[in-house]
Amino acid sequence: MLILYLKLFWEHLVFWSFPTPEEDYYSRLGFLYFELGKFRKGVACLLKSEEAHDRRELSLSKYNWFYLGYCYLNLGDLRSAIQYLEKYLILDSGHYESATVVAGCYAFLNEPENALTAYLKALEKGADLPDLHLECSRILEELGRKDQASMHLKMAEEKLSERIDKEFIRAVAYRADGDLNKAIEILKQIAAHAANGSDNEKSLFQESVEFILFRFLKENGDDQEALIRLESAMVQSPDDPWLMNELAMEYTDQSMKLDEALDLADRILIYQPDNPVFLDTRGWVLYKMGKTKEAEEMILQSLKFDSKNKQTLTHLEAIRAILVAASP
Numbered sequence: 004m005l006i007l008y009l010k011l012f013w014e015h016l017v018f019w020s021f022p023t024p025e026e027d028y029y030s031r032l033g034f035l036y037f038e039l040g041k042f043r044k045g046v047a048c049l050l051k052s053e054e055a056h057d058r059r060e061l062s063l064s065k066y067n068w069f070y071l072g073y074c075y076l077n078l079g080d081l082r083s084a085i086q087y088l089e090k091y092l093i094l095d096s097g098h099y100e101s102a103t104v105v106a107g108c109y110a111f112l113n114e115p116e117n118a119l120t121a122y123l124k125a126l127e128k129g130a131d132l133p134d135l136h137l138e139c140s141r142i143l144e145e146l147g148r149k150d151q152a153s154m155h156l157k158m159a160e161e162k163l164s165e166r167i168d169k170e171f172i173r174a175v176a177y178r179a180d181g182d183l184n185k186a187i188e189i190l191k192q193i194a195a196h197a198a199n200g201s202d203n204e205k206s207l208f209q210e211s212v213e214f215i216l217f218r219f220l221k222e223n224g225d226d227q228e229a230l231i232r233l234e235s236a237m238v239q240s241p242d243d244p245w246l247m248n249e250l251a252m253e254y255t256d257q258s259m260k261l262d263e264a265l266d267l268a269d270r271i272l273i274y275q276p277d278n279p280v281f282l283d284t285r286g287w288v289l290y291k292m293g294k295t296k297e298a299e300e301m302i303l304q305s306l307k308f309d310s311k312n313k314q315t316l317t318h319l320e321a322i323r324a325i326l327v328a329a330s331p
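Numbering (the numbering used here), first residue to last: 4 to 331.
These aren't lab readings, by the way, just hints derived from the structure by calculation.
Any given hint could be a false lead.
As a list, the in silico DSSO-like pairs of lysine-lysine whose alpha-carbon atoms are at most 30 Å apart [unchecked claim]:
#	residue 1	residue 2
1	Lys124	Lys191
2	Lys124	Lys169
3	Lys296	Lys90
4	Lys149	Lys124
5	Lys51	Lys90
6	Lys128	Lys90
Across the chosen pairs, the derived CB separations fall in these ranges [as the list claims (entries may be wrong)]:
#	residue 1	residue 2	range
7	Lys169	Leu39	40 to 46 Å
8	Val238	Lys307	41 to 47 Å
9	Arg166	Ala47	23 to 29 Å
10	Leu94	Lys294	42 to 48 Å
11	Gly293	Ala55	33 to 39 Å
12	Leu303	Gly97	36 to 42 Å
13	Gln192	Leu61	19 to 25 Å
14	Leu123	Asp256	29 to 35 Å
15	Gly293	Arg82	30 to 36 Å
16	Asp134	Arg270	39 to 45 Å
Glycine residues also receive a C-beta, built at the ideal position from the N, C-alpha and C atoms.
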């Protein structure tokens, strides 16, 4: 960390002491701020670099767009992250990691068609990974394209060698075939292996088993055990902002532990202050706590970053109905 600050000081010194192109100076500063975790400052510097050279140098733009994308991603501004990473991928089409990030952003923004397109592009770029096939399968099933979903599920299984991973695929396949109880039974067996420190430690899906089990149990109408599984997942990954968000929403939906839900919502916004999903969650928690005006402000802030999100718009409608009813 100290070395990064010394580099930052050196860049300032060089810029003011010697003739240095402004676009290079701000680009280097943007990178250093990114490395220091100061993402807003990183965005400001990288945008100044882009403005200074007015995109005359594609190689510099490629560098700037890459770090702009990841700065925005860390701030939680998923739309802007997508915007710059898609620009970057035009110039570096083989960077499948960024293509996967773009796909994940679309998935979080609940745009399955765009997410599927991005995942398929990542697969085309040589990232023939089982988790990408699993994501394609999940989205295709959501879109009602079951034959294609089954094909990607089989492709994921072919890429795996660990027995426990294949069991996970088998559980997902049972759910796809409509046998949710069997899928839950298998996942519980996998979770038990993990708790006992079995060979599941090597599993690609170790961290997500409890979360997937939570999803399946919710789908099966067992909210109480689902919550237990989600809380167990949080114990395994206590700093995962998406798990925190899910737990905050689950507490809110079940009208329980609302103070704890608000604390979780506040904590995740420290990670990603511009994330529309997290802002929406905090707004909905406030609504359930009866703080309707504060809730409206938070929901409107969320819509600044994702104006078409159906869930957020539904939340805004419910909040405003309360405000109208309470007005004289």
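- [ ] List in ascending order the numbers of the hints, as given earlier, that are violated by the structure.
- [x] 1, 3, 8, 9, 11, 13, 16
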